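Number of protein chains: 2
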Amino acid sequence: MTSHMSPEEFRKHGYAVVDWVARYLETVEDLPVLPSVEPGAIAAMVPDHAPEQPEDFQALLDDLDRVVMPGVTNWQSPNWFAYFPANASPPAILAELAAAGLGQQGMLWSTSPATTEIEMQVLDWLVGLMGLPDGWRNASGLGGGVIQMSASDATHAVLVVARHRRRHEASVEDMVVYVSDQAHSSIEKGVTVAGIGHCRKVPVDDAFAMDVDALESMIAADEERGLLPIAVVSAIGTTATTAVDPVAAIGRVAHRWDLWHHVDAAYAGTAMICEEFRIHQPDLSQADSYTFNPHKWMMVNFDCNVLWVSDRQPLIDTMSIVPPYLRNDASDTGAVIDYRDWHVPLGRRFRALKLWWVLRSYGAEGIREVVREHVRLAAEMADRLRADDRFELFAPHPFGLVCFTHRDGIERTRELAAAINASGKAAVTPSQIDDTWFIRVSIGQTTTGQRHVDALWGLIDQLA
Amino acid sequence: MTSHMSPEEFRKHGYAVVDWVARYLETVEDLPVLPSVEPGAIAAMVPDHAPEQPEDFQALLDDLDRVVMPGVTNWQSPNWFAYFPANASPPAILAELAAAGLGQQGMLWSTSPATTEIEMQVLDWLVGLMGLPDGWRNASGLGGGVIQMSASDATHAVLVVARHRRRHEASVEDMVVYVSDQAHSSIEKGVTVAGIGHCRKVPVDDAFAMDVDALESMIAADEERGLLPIAVVSAIGTTATTAVDPVAAIGRVAHRWDLWHHVDAAYAGTAMICEEFRIHQPDLSQADSYTFNPHKWMMVNFDCNVLWVSDRQPLIDTMSIVPPYLRNDASDTGAVIDYRDWHVPLGRRFRALKLWWVLRSYGAEGIREVVREHVRLAAEMADRLRADDRFELFAPHPFGLVCFTHRDGIERTRELAAAINASGKAAVTPSQIDDTWFIRVSIGQTTTGQRHVDALWGLIDQLA
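First to last, the protein sequences are chains A and B.
In terms of numbering that gives the first Met the number 0, the first sequence has 150 at position 151, counting the first letter as 1, and numbering is strictly consecutive.
In terms of numbering that gives the first Met the number 0, the second sequence has 114 at position 115, counting the first letter as 1, and numbering is strictly consecutive.
One chain only, chain A, in its complex shape (with noise of 0.2 Å):
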């Protein structure tokens, strides 16, 4: 018979494990943050074939070290300033192994009540931290909010709503969806997902947010030749440079036209947690959903998005399949939320353990000084670049992204950041718009501090 890992032993290497996650956590500021390992060389380090016999969880522990760390990117780096931030924390990361243990699937309510309405309650509190309208809540019973895996799949998911809801009006490659030219890959990859024939590049003004009138025009203009607009998504804080689009007058433009508007606060949203920076999502009365990553700057460990719509009904609509043996009293009588209907998937982890843990464990406020104290810090490297001859601000920065160009042109800018990453000391990430290659800096990784944005700056300082 097949031995499994007895109680005594879980806890033995459970130990092991807990040491193993603290001391990478303790050392990760001194380690390189990128790697520097060529392609194949992990895949070449694992054996072609499984063992036929059990392993030591000792030989597990060990090729951590020896195959999984060359080829770790430190995203839990202090010294972490690319891309966005994907944050962890403590109590995320214990939660993490709670739900492990517990093993649940929160398809249905039945299949696991707890899952389903912790979600429902947490889900609830960001509504008021964040400030969100109050229709939102899961308690209203109108609108509501639900865990997705990334907010890929919560766009995606609601593009589908926005096609399945005007179905019988045009043929969906008809269809139209507007995003400003700003707007993250993933609404352009939902709309191809989703079949929908045309996703139109509203342009931008100045500081890249979109241009109302310019999607009015190409509104009027698609229903003039015939085609059908269904949605336009808005973004607070696009990726390139945190640009805010006007949240409020594309949700009147969308209310006059009778599309479905989406809001992306993928990485701004947990900033809303400050009151302070609600001055970018003034009126969220027009918006039909709204999307955030706990998982970026909210350090609670992806997989965590939020999706909250404020109509439960045509989300339902959309998704509801109930075959025979998923069928149960508590669906049947419409008390509960069967979150399987809130999303493509049909299983679900308990994902909402880590977002109580973490809001819990800093507390609302912990959590705000966490935001405030990054935006500080961005701002202060703002204005050492802006007062550098060498250095030129790219974009404005409403949050904890700072965006800059080397004066010497395209090159020197390529060179610089490339120059940050080959240090190993911190990342960066290039990007471009247009023409233009600009470096971004990030601020935003949980255990970021004053020390390490000086230390990035002297680093810009000596390698521009």
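The reader is advised that the hints may include incorrect statements.
Using C-beta positions, here's what the derived DEER-type ranges look like [what the hints assert, rightly or not]:
hint	chain 1	residue 1	chain 2	residue 2	range
1	A	Ser2	B	Pro281	27 to 37 Å
2	B	Asp18	A	Glu54	21 to 31 Å
3	B	Ala417	A	Ala138	24 to 34 Å
4	B	Asp407	A	Asp310	42 to 52 Å
Calculated lysine to any residue pairs in the SDA-like style (CA-CA distance at most 25 Å, straight line) [stated by the list, open to error]:
hint	chain 1	residue 1	chain 2	residue 2
5	A	Lys11	B	Val321
6	A	Lys11	B	Ser319
7	B	Lys11	A	Asp61
8	A	Lys200	B	Arg166
9	B	Lys424	B	Leu30
10	A	Lys11	B	Thr446
11	B	Lys11	A	Gly362
12	A	Lys11	B	Asp29
13	A	Lys200	B	Ser319
14	A	Lys200	B	Val321
15	A	Lys11	B	Asp64
16	B	Lys11	A	Arg22
17	A	Lys424	B	Glu25
18	A	Lys11	B	Asp61
19	A	Lys200	B	Met318
20	A	Lys11	B	Lys11
21	A	Lys11	B	Pro77
22	B	Lys200	A	Val321
23	A	Lys424	B	Ala329
24	A	Lys11	B	Glu25
25	A	Lys200	B	Ile315
26	B	Lys11	A	Asp173
27	A	Lys11	B	Thr26
28	B	Lys200	A	Arg166
29	B	Lys11	A	Thr446
30	A	Lys200	B	His167
31	B	Lys424	A	Asp328
Think of the hints as simulated: they come from the structure by calculation, not from any bench.
As the structure is a computational prediction, the values presented were derived from the model and not from experiment.
For every residue, glycine included, the Cβ atom is placed at its ideal position computed from N, Cα and C.
Add chain B to chain A, keeping to what the hints say.
Relative to the frame of chain A, chain B by itself:
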């Protein structure tokens, strides 16, 4: 300044969570399998607002017992015979902890070479272990495997590929997908979400397997009326009864009519690690894609779905969108896999770690023993039911699922299922095909052994 949990505190609290999980695994067998909780009872124990100030970690741990446990459905109990298993195992649970600690983001090869290459390699292990076509290995450069969140996501993704591939030939509203009338609801949902016009349910034979002649007649009739058949989905192990569609014959029909052929082995795929079960997938040479869930029966906790394609190009052509901020040298050379182009979401966790750890901890032989023991126990349960005048077997039992009815009719069958579930000593799933209700006994939880199945039989005997 916000204070984060120090590495020392992380160690201490981490040990406590390990202890909590160990105790859960030790005691889950004695807990009522299903919760007895009214809708809203768990939510009522969670405050309506997030705390402003930090709470002690001990309060979170206490609430695992006070708030979470009353609302837990014990999927990890060895007395779990409901749905299909959603297995976990000690090495998988610890791998989740390590993966959460590392906090990798594997969207691109360059954003975590280890996440990508270990996934590539371990999925290639499974190709060998499960007797799948060699060209499906990632190392082949032709086909390949990728971890997705769920079989629903995998199936939806390939339906989108099938649609995309034929997009110039017809409007999506005129496209048709074929499944047996026993196929999992995720396929009909995938068709709806992909916006495909028609999902035809092909009739089944007495063993609930797809009637291939009927399939071919339906395809011909649809072409005749100007529709475009684009895909057919075969099941190896349907959800209701684990019926096995004639995969080879369906493959030939698919090839003749230029249909994408997707194989759904979500539950039964795990059994293919034992050579004797491969009679159920005699010829996969005409399969374009194949999905199975290590998170069902292979002791790798949710989420861990695997999708293979025989040719990676149509998948990448459909899913790839490359904005400037995701461009990088490694990807531009084409030397590496960027898994973001293999599914809808962009971000991805290091889920291959738990698959790697489980395969190594048990060894292939250890997993085969677990599967064979579950199938043996199912056959024994079937023998007992067959030998008892009160019961009737409802379907063949090629794997670990046994379906039966009470001879006194639908009401007695449903009452028996309800009585078993109300006992707290075991959980089964009542289900329905046409007018017949039957009881599904799914034997496959990691630690389910002889005495648990004996106890279930005792319960059935007593309550019938």
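So, going through the hints one by one against the coordinates:
no.	hint	verdict
1	A/Ser2 / B/Pro281: 27 to 37 Å	holds (34 Å)
2	B/Asp18 / A/Glu54: 21 to 31 Å	holds (25 Å)
3	B/Ala417 / A/Ala138: 24 to 34 Å	holds (31 Å)
4	B/Asp407 / A/Asp310: 42 to 52 Å	holds (46 Å)
5	A/Lys11 / B/Val321	violated (45 Å)
6	A/Lys11 / B/Ser319	violated (44 Å)
7	B/Lys11 / A/Asp61	holds (22 Å)
8	A/Lys200 / B/Arg166	holds (22 Å)
9	B/Lys424 / B/Leu30	holds (8 Å)
10	A/Lys11 / B/Thr446	holds (20 Å)
11	B/Lys11 / A/Gly362	holds (21 Å)
12	A/Lys11 / B/Asp29	holds (23 Å)
13	A/Lys200 / B/Ser319	holds (18 Å)
14	A/Lys200 / B/Val321	holds (16 Å)
15	A/Lys11 / B/Asp64	holds (23 Å)
16	B/Lys11 / A/Arg22	holds (13 Å)
17	A/Lys424 / B/Glu25	violated (45 Å)
18	A/Lys11 / B/Asp61	holds (22 Å)
19	A/Lys200 / B/Met318	holds (19 Å)
20	A/Lys11 / B/Lys11	holds (14 Å)
21	A/Lys11 / B/Pro77	holds (23 Å)
22	B/Lys200 / A/Val321	holds (16 Å)
23	A/Lys424 / B/Ala329	holds (21 Å)
24	A/Lys11 / B/Glu25	holds (14 Å)
25	A/Lys200 / B/Ile315	holds (23 Å)
26	B/Lys11 / A/Asp173	violated (59 Å)
27	A/Lys11 / B/Thr26	holds (18 Å)
28	B/Lys200 / A/Arg166	holds (22 Å)
29	B/Lys11 / A/Thr446	holds (20 Å)
30	A/Lys200 / B/His167	holds (23 Å)
31	B/Lys424 / A/Asp328	holds (20 Å)
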